[in-house]
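K.L.:
Protein chains in written order, with my numbering: chain W, 33 to 145; chain R, 28 to 446.
A hint or two may mislead.
Said to hold, decoys possible - The calculated lysine-lysine pairs, modelled on BS3-like cross-linking and capped at a C-alpha distance of 25 Å, are: (1) K439(R) <-> K416(R); (2) K61(W) <-> K103(W); (3) K92(R) <-> K84(W); (4) K84(W) <-> K71(W); (5) K439(R) <-> K61(W); (6) K35(W) <-> K71(W).
As the list claims (entries may be wrong) - If you want the footprint, here are the derived chain W segments under chain R, 3+ residues with CB under 8 Å: (7) 46-59; (8) 100-112.
Stated by the list, open to error - A few chain W residues facing chain R, derived, Cβ under 10 Å: (9) Y63; (10) G78; (11) S116.
If you're looking for bench data, these hints aren't it; they were derived computationally from the structure.
Note that the structure is predicted; figures quoted are calculated from it, not measured.
Glycine included, C-beta positions come from ideal geometry on N, C-alpha and C.
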Amino acid sequence: MAKFMYIFRGGAFVAPGLSPTEMQEHLAKWYQWVDTFAKAGRNNLGHPLENKGRSLRGRDRVTDGPYAESKDLVTGSLVLEAASLDEATELARDCPIFEFGGSVEVRPVLENE
Amino acid sequence: MNFPVRHGARPTVVEDLFRREFAHLVAALVRLLGPSNLPLAEDVVQEALLSAMHAWQFEPPRDPKAWILQTARNRAIDVLRRERRLTALPEDDGSALEGAIASALSPEEEAASQLAMMFSICDDALSQETQVTLILRLLCGLSPAEIARAYLADTQTIDRRLHRGRTRLQELGHLQDVTAPAELLARQPSVLNALYLLFNEGYHGSDSQNPLRPAMCADAIRLAELVLESSRTSHAEAHALAALFCFDAARLPTRLDEDGVFVPLADQDRTRWDRSLIERGVVHLAQSATGTQASRWHLEAGIACEHTIAPSVRETDWQRIVDLYDALLALQPGPIVALNRALALTELRGPDAGREAIATVASDARLGGYSFYWAAAADLERRAGNVAKARSLFERAMSLAKSNAERLAYEKKLRLLAN
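Take the sequences, apply the hints, and build the full model.
P.N.:
Listed below in structure tokens is the structure:
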């Protein structure tokens with residue numbers, strides 16, 4: 033099994049005006065999705081990222097941000113095991129992030145062994 | 028906060044947690060900061076819930092409720108530090124602000140805050156529909172769009188009602204003091220009435236595609252039991268109302284069949300009624316039996332109780348139900364109560380007695396557009412063997428039906444008539 037990283041951009045976490053019910057229903061969809069990985073033993077590990085932070089472009093070039101457009105803002109990542117890039121892509125099709133205009137980038141993790 | 032890979036069960040997020048915490052936290056913050064800061068409170072809580080959804084994206088924390096509370100508290104402190112001019116809180120001392128917010132959001136104040144909100148909303152200057160709209164927004168955590176869907180109204184209408192309500196709350200200056208017995212007593216009838224309307228919206232609502240909304244019924248029960256939790260607002264009438272809700276809600280699972288058609292009481296599978304709700308209803312009804320006066324809620328709960336505890340339609344105590352309707356009619360004369368009494372009388376004495384009783388209300392113009400009246404009259408004719416008459420009356424009922432579930436139920440009756 034190889035490792036792949038999903039990089040999540042945008043989605044419900046940067047969408048204004050969701051109702052409490054919509055938020056909870058959306059959350060349940062994420063659990064449903066990651067549960068399929070846990071059940072298949074894909075050693076998945078996700079990290080949600082806060083929307084604010086800092087960017088460094090050199091030792092002394094530190095700025096607040098990122099101030100990306102909300103659809104481009106990285107909102108989290110998840111690493112999991114899959115047989116191939118094709119399979120990892122297939123698994124990402126069911127990601128709930130698309131419900132609110134987010135996107136998933138699928139990247140193979142380079143192994144040194 | 029980190030998210031270890033976990034192979035066991037994940038902590039559960041209680042159903043409706045987001046809605047309930049919205050209601051709890053907005054009420055708590057508004058009670059502290061005053062109704063003029065309602066928009067600020069709504070924003071703070073909205074943001075806390077949004078970060079909860081984000082942070083819990085892959086797994087919820089061990090104590091979800093505590094997490095939301097902590098986040099809302101920090102967020103409120105940040106916002107208020109920045110916008111001191113908005114509130115009358117102490118200027119000098121940072122810890123005083125933190126202390127005030129912490130105690131407003133403490134678990135001990137959870138019920139009191141929501142009671143204060145409920146009794147403030149049920150203000151005589153506001154129409155009943157505005158009161159219920161405010162309850163749905165502020166005590167049930169529904170968005171204006173969700174309220175609009177439930178009422179088949181447009182969002183602007185709901186926004187207008189909410190605006191009117193917010194303006195009135197601002198005029199009041201602060202939320203109702205939940206330790207002032209006289210004022211609480213004066214507002215009690217409006218509170219119970221608003222909860223009754225909320226429950227009914229869930230029990231046979233305006234949405235023709237989706238006439239049952241069990242979540243609204245559950246909210247009405249939760250809020251009625253909140254009224255009963257505090258010794259200052261607990262009252263025989265509130266117990267009677269809670270009993271009525273429990274008996275009716277117990278029968279929700281059998282109100283529609285698999286095809287979404289309303290099922291008549293006689294055909295409902297009573298083994299599927301919710302026993303625990305029936306027991307809760309019986310307890311509330313027993314606790315309502317104090318004082319000397321039977322209110323409208325006592326009588327309606329008594330009727331619902333008889334229907335719910337009977338093993339079948341045939342074994343129902345119809346005499347007692349007719350007596351209760353007689354008392355209700357004396358208290359609240361009206362064609363719908365009279366119609367229901369006539370139906371109970373039919374079960375007790377047969378279709379001829381029922382037709383005689385229904386004839387006395389037949390001329391009431393208020394029943395002309397009431398589909399249940401035409402369906403009831405049709406059923407009496409069917410039982411008396413007048414098929415042609417029954418058919419035309421069922422067709423009339425069908426043309427007036429409020430929902431598909433109801434229309435299909437009459438269609439089924441018509442099909443059975445043909446056989």
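K.L.:
It remains to establish, for every hint, whether it holds in the given structure.
P.N.:
Hints versus structure:
1. Taking the CA atoms of K439(R) and K416(R), the gap is about 16 Å. The hint holds against a cut of 25 Å.
2. Proposed proximity of K61(W) and K103(W) is supported: the alpha carbons are some 20 Å apart, at most 25 Å.
3. Distance check on the hinted pair: K92(R) and K84(W) sit about 24 Å apart at the alpha-carbon level, within 25 Å; holds.
4. A threshold of 25 Å between alpha carbons decides the hint, and for K84(W) with K71(W) the separation of about 33 Å lies outside it, so the pair is violated.
5. Proximity of K439(R) to K61(W) is assessed by CA-CA distance (about 38 Å); at most 25 Å being required, the pair is judged violated.
6. Note on K35(W) and K71(W): the hinted pairing holds, with a Cα-Cα distance of about 17 Å set against a maximum of 25 Å.
7. For the stretch 46-59 of chain W, the proposed coverage by chain R is satisfied: 10 residues have a C-beta within less than 8 Å of a C-beta in that chain, meeting the threshold of three.
8. Counting residues of the stretch 100-112 of chain W whose CB lies closer than 8 Å to any CB of chain R gives 3, which reaches the minimum of 3, so the coverage claim holds.
9. Hint status for Y63(W) relative to chain R: holds, with the closest Cβ pair at about 7 Å, below 10 Å.
10. Look at G78(W): its Cβ gets to within about 3 Å of chain R, closer than 10 Å, so that hint holds up.
11. With its C-beta approaching chain R no nearer than about 22 Å, S116(W) sits outside the 10 Å limit, and its interface hint is violated.
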